[in-house]
Amino acid sequence: NAGVMQNPRHLVRRRGQEARLRCSPMKGHSHVYWYRQLPEEGLKFMVYLQKENIIDESGMPKERFSAEFPKEGPSILRIQQVVRGDSAAYFCASSLVGRGNSPLHFGNGTRLTVT
Amino acid sequence: ELKVEQNPLFLSMQEGKNYTIYCNYSTTSDRLYWYRQDPGKSLESLFVLLSNGAVKQEGRLMASLDTKARLSTLHITAAVHDLSATYFCAVDIAGNQFYFGTGTSLTVIP
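Keeping their order, the protein sequence lines are chains Y and S.
1 is the number of the first residue of the first sequence in this note's numbering; add one for each residue after it.
1 is the number of the first residue of the second sequence in this note's numbering; add one for each residue after it.
Don't read these hints as lab results, they were simulated from the structure.
Glycine residues also receive a C-beta, built at the ideal position from the N, C-alpha and C atoms.
Careful: at least some of the hints might be erroneous.
Computed spacing ranges between beta-carbons, pair by pair [to be verified]:
| id | chain 1 | residue 1 | chain 2 | residue 2 | range |
| --- | --- | --- | --- | --- | --- |
| 1 | Y | 61 | S | 30 | 26 to 36 Å |
| 2 | Y | 10 | S | 53 | 36 to 46 Å |
| 3 | Y | 18 | S | 52 | 45 to 55 Å |
| 4 | Y | 3 | S | 59 | 13 to 23 Å |
| 5 | S | 80 | Y | 3 | 39 to 49 Å |
| 6 | S | 15 | Y | 71 | 31 to 41 Å |
Please model the entire structure based on the sequences and the hints provided.
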């Protein structure tokens, strides 16, 4: 049973380009979370989605960042016009239910480097 | 805004010694999670604590939760090198967000 799959593992973009990060949740999971981790720091919540719905995007920057989780296919975190400060590891996690007794299951992350 | 604070942030300990990592949080929650992260890797779930007084043990690690004090501890017994990693606690508020602590970077020295 495959876990949470993220791709790419590493992504290099020049300032001003777009970055697209993909996340396929664990089989049967319909709740997806995106987190950002800066070096030597903890994880910061960005957005929580269910299929075709954004439930909570309070951690997402108001500009340049967007997320979706379509009915078919992976969840996408999109960063437009990237800047150096966007360089970080972006982790996706999934869960079976939005609030329950099970932890989040994390993917291996996408490490974004903006040059 | 909820704050989740861990201490210490960095911990260097000798093999065979015992130590405790603390996780304090600033608002009511009855769900707390501990994760382990190895360098460059993802987060691995260690413990799920779901009620006041919950205690869970796995190998040399034991986690507890005191919801009244808003405190969780991760106790390490007779540390070994393989336990070197960064440990995060995370608090579940209202089901939508898991707030993570700043992490404790543990190095076990032979």
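Hints, verified against the model:
no.	hint	result
1	Y:61 with S:30: 26 to 36 Å	31 Å, holds
2	Y:10 with S:53: 36 to 46 Å	43 Å, holds
3	Y:18 with S:52: 45 to 55 Å	47 Å, holds
4	Y:3 with S:59: 13 to 23 Å	22 Å, holds
5	S:80 with Y:3: 39 to 49 Å	26 Å, violated
6	S:15 with Y:71: 31 to 41 Å	52 Å, violated
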